[in-house]
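If you read the sequences in order, they're chains Y and S. All residue numbers for the first sequence refer to my numbering, where the first residue is 10 and numbers rise by one. All residue numbers for the second sequence refer to my numbering, where the first residue is 10 and numbers rise by one.
Incorrect hints may have been included.
For chains that are exact copies, the list does not tell them apart, and a pair is met inside one copy or across any two.
[As the list claims (entries may be wrong)] Distance condition first, Cα-Cα at most 25 Å in a straight line; then the derived DMTMM-like pairs of lysine to aspartate or glutamate:
#1 270 - 434
#2 110 - 398
#3 395 - 416
#4 111 - 274
#5 44 - 338
Since the hints were made in silico from the structure, they are not lab data.
Number of protein chains: 2
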Amino acid sequence: MADDMQDKEYVSTDGYKGVRDFYPPDMFIQNYLFKTMRHAVESFGYVEYSASILEPTELYKAKSGEEIVNEQTYSFKDRGDRDVTLRPEMTPTVARMVAAKKRELAFPLRWYSIPNLFRYEKPQRGRLREHFQLNVDLFGVTDVNAEIEIISVAHAIMQAYGARPDDFQIRINNRQILNFIMTSVFDLTDEDSYKLMKLIDKKDKITPAEFELQTETVLKEKTMTFVSMLEASSLEQFKSILQNTFSTEAIGLTELEILFKALAERGITNAVFSPTLARGFDYYTGIVFEVFDLNPENRRSLFGGGRYDDLLSVFGTEKVPAVGFGMGDVTIRDFLESRSLMPPYHSTTDLYICRVTENNDKEVYDVAQELRKKGLCVAIDFSSKKVPDQIKTASKLAIPFIIVIGEDEIQTKQYKLKNLLSGQETMVSLEEIAQTIKRGV
Amino acid sequence: MADDMQDKEYVSTDGYKGVRDFYPPDMFIQNYLFKTMRHAVESFGYVEYSASILEPTELYKAKSGEEIVNEQTYSFKDRGDRDVTLRPEMTPTVARMVAAKKRELAFPLRWYSIPNLFRYEKPQRGRLREHFQLNVDLFGVTDVNAEIEIISVAHAIMQAYGARPDDFQIRINNRQILNFIMTSVFDLTDEDSYKLMKLIDKKDKITPAEFELQTETVLKEKTMTFVSMLEASSLEQFKSILQNTFSTEAIGLTELEILFKALAERGITNAVFSPTLARGFDYYTGIVFEVFDLNPENRRSLFGGGRYDDLLSVFGTEKVPAVGFGMGDVTIRDFLESRSLMPPYHSTTDLYICRVTENNDKEVYDVAQELRKKGLCVAIDFSSKKVPDQIKTASKLAIPFIIVIGEDEIQTKQYKLKNLLSGQETMVSLEEIAQTIKRGV
Chain Y
10 MADDMQDKEY
20 VSTDGYKGVR
30 DFYPPDMFIQ
40 NYLFKTMRHA
50 VESFGYVEYS
60 ASILEPTELY
70 KAKSGEEIVN
80 EQTYSFKDRG
90 DRDVTLRPEM
100 TPTVARMVAA
110 KKRELAFPLR
120 WYSIPNLFRY
130 EKPQRGRLRE
140 HFQLNVDLFG
150 VTDVNAEIEI
160 ISVAHAIMQA
170 YGARPDDFQI
180 RINNRQILNF
190 IMTSVFDLTD
200 EDSYKLMKLI
210 DKKDKITPAE
220 FELQTETVLK
230 EKTMTFVSML
240 EASSLEQFKS
250 ILQNTFSTEA
260 IGLTELEILF
270 KALAERGITN
280 AVFSPTLARG
290 FDYYTGIVFE
300 VFDLNPENRR
310 SLFGGGRYDD
320 LLSVFGTEKV
330 PAVGFGMGDV
340 TIRDFLESRS
350 LMPPYHSTTD
360 LYICRVTENN
370 DKEVYDVAQE
380 LRKKGLCVAI
390 DFSSKKVPDQ
400 IKTASKLAIP
410 FIIVIGEDEI
420 QTKQYKLKNL
430 LSGQETMVSL
440 EEIAQTIKRG
450 V
Chain S
10 MADDMQDKEY
20 VSTDGYKGVR
30 DFYPPDMFIQ
40 NYLFKTMRHA
50 VESFGYVEYS
60 ASILEPTELY
70 KAKSGEEIVN
80 EQTYSFKDRG
90 DRDVTLRPEM
100 TPTVARMVAA
110 KKRELAFPLR
120 WYSIPNLFRY
130 EKPQRGRLRE
140 HFQLNVDLFG
150 VTDVNAEIEI
160 ISVAHAIMQA
170 YGARPDDFQI
180 RINNRQILNF
190 IMTSVFDLTD
200 EDSYKLMKLI
210 DKKDKITPAE
220 FELQTETVLK
230 EKTMTFVSML
240 EASSLEQFKS
250 ILQNTFSTEA
260 IGLTELEILF
270 KALAERGITN
280 AVFSPTLARG
290 FDYYTGIVFE
300 VFDLNPENRR
310 SLFGGGRYDD
320 LLSVFGTEKV
330 PAVGFGMGDV
340 TIRDFLESRS
350 LMPPYHSTTD
360 LYICRVTENN
370 DKEVYDVAQE
380 LRKKGLCVAI
390 DFSSKKVPDQ
400 IKTASKLAIP
410 FIIVIGEDEI
420 QTKQYKLKNL
430 LSGQETMVSL
440 EEIAQTIKRG
450 V
């Protein structure tokens, strides 16, 4: 067989383009990111669900961008000629799952998942072909309590990562306000409304003059009033422009007022009204929000979400109110790295046992087992290297503690425990090894 | 948009065929399976790695069954005309990762992962198109210490699941023994060796008479000696037949003797010699093992592994000795269910707060936050249902504890904590709620 192989071309060690290998130090970071997410969302009563990455392609044709299905997904025909897609997002899947068991499930439903998602795009910083995304959804709550909680959860995760209130902003809007203004105040046609929404969405990417120019084609003489509304620095200001100019109050404003008041009462000081925030055109039906990185060198949206009460209707199920958000691992990892909030790598293994000879393997194993029973993670060096080289291995593996076992240690049952980070050494018993390591000394 | 949707056909809530949705009670089981695996393998010093499910198809053409690549994998061309495969197994990926960073990595390397794997097969019990598989590998150890440890890890996982020694057997063989006998004792051609190996592999599926008949076509008059060797009930018996008949000792026997002795010393009482065990034809180069379900109604292999020292050579890297195994979630789940070893479902949420009115939301939130800070997972019922119906919701969600908060509770700061399983009720403070729930009372 070895001969066979030498006749072949060697296989490349490169993985597939645009996806990641997770070596243990990378996996440590993924596990840190996920553990923090899990802990925060579970503390609010969210429970985990999951699904296969394989979905019928049909699921994505229903809503939200034919464009995504056609150009950006991994879609193919399976050997049974069925159209399959590697899920590009989790929302259609969770909607499918809720719709399928709607009668059996108890609402309100607090669900979360950390799926991997696939998009066929040109690999670039922060845009990979496979990434992970925390999805948090609250189903079955019609009132603003759902938004208060979901935004509190998003805030709690940022806090758990060590982000300070002035590191980020929670931008909030209600899509009903813009809808109301466009249809009931400006009396726009569907076509003009859509045109204006598109314009608002790209407002930050074009110059103010350009924005005004293009807005005028839709709003004519009302343009400047509209611009001043969009630039309102607070909900109050926005409301007063609306009242003073049009003697009306938009649907959705009161909800936002309750939301901002509740968030303030709950100690969330960095929530701001953002009248241009729309977050895409498809799912959302009400309040939307976005967590925004305030880093002056990299101002950008980190993640966001909102209310999408209509989603389940594509399955022919009666509507289920839903509020949720998605938080990607790549973006949050960049954010934490830029703020120096990422913990340094260490192995999950607590202790490395170096062997002086190969004659005491049973005794060495017994020591390891004893410590494992006390809750430690223990690896034994099975190489025949000299002890200093075994210690170097432990150090390279980022294992924090070592002991060396030879005849003496087996006789005396006393071990010199060395902390490889501090260099500190102490003579201890097995019981003391467990205690010292658990204390992290 | 709602109108748009009503014009469309409804989308089916069925997922893709042969894969699973994990509703919270299913996810609870997955998390139990994975947590137990992680805990056991990490205690032996194994650290987690991972990789994308997308791999270049080329990776699977190198070794191990053209058949698998051609017929059983999900392989397709991406939009850039590259051949991509959804990984059907993890070993080629881990070999690729080790080969890619061989010079930087510190050996011995103890690595584990719990990847999802994809095979295009007819969905049936225990054979899904997507399943998860714990992969545990020890790289860089040439001697039998590696096998002793890897088999101890497999045993430790079974123990952690609550399996008793007489629930399963660890069957062990060394492929070098059969190789030695076929080439050096029987002087078989490569073709006849292969034919005989295939026969041995299917020995348990055909009648003894059929096996003898087919074996005779290869071994002629040596058939009965060979059959008696294969039926040896112990390593000693096997060894003595070999010595008495052929005056030789097979390569690989001594290694097995050391292994069995070490396993016995380590308290593993259910390891047996199994001279017919081969475990496929590709990777393995030495000792192989299999954990076998002794359930009389369902005797079968649960999982297995062995030594594969040649794998990295397909990457043009010098050899790295490796011993490992893979343990699938579907098989082990079946095993645990058949032995009633699966824990009953409960929510990760500890406590459900029912609201008497909607007028105290801030106070209710404060209570929840206080308890979250004390480490509890707390959900609030935001519905306007009557309290008994809110309690029913908690019960349906399998949340173990509830409190009801109204004006009284806010005034007195005393809460009636109810254990929904036992029905027990106690008047307690917030501090006592945390203590009681953590004690699990």
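Evaluation of the provided hints:
no. : hint      : in the structure
1   : 270 - 434 : neither (55 Å within a copy, 35 Å between copies)
2   : 110 - 398 : between (58 Å within a copy, 20 Å between copies)
3   : 395 - 416 : within (16 Å within a copy, 71 Å between copies)
4   : 111 - 274 : neither (34 Å within a copy, 55 Å between copies)
5   : 44 - 338  : both (12 Å within a copy, 22 Å between copies)
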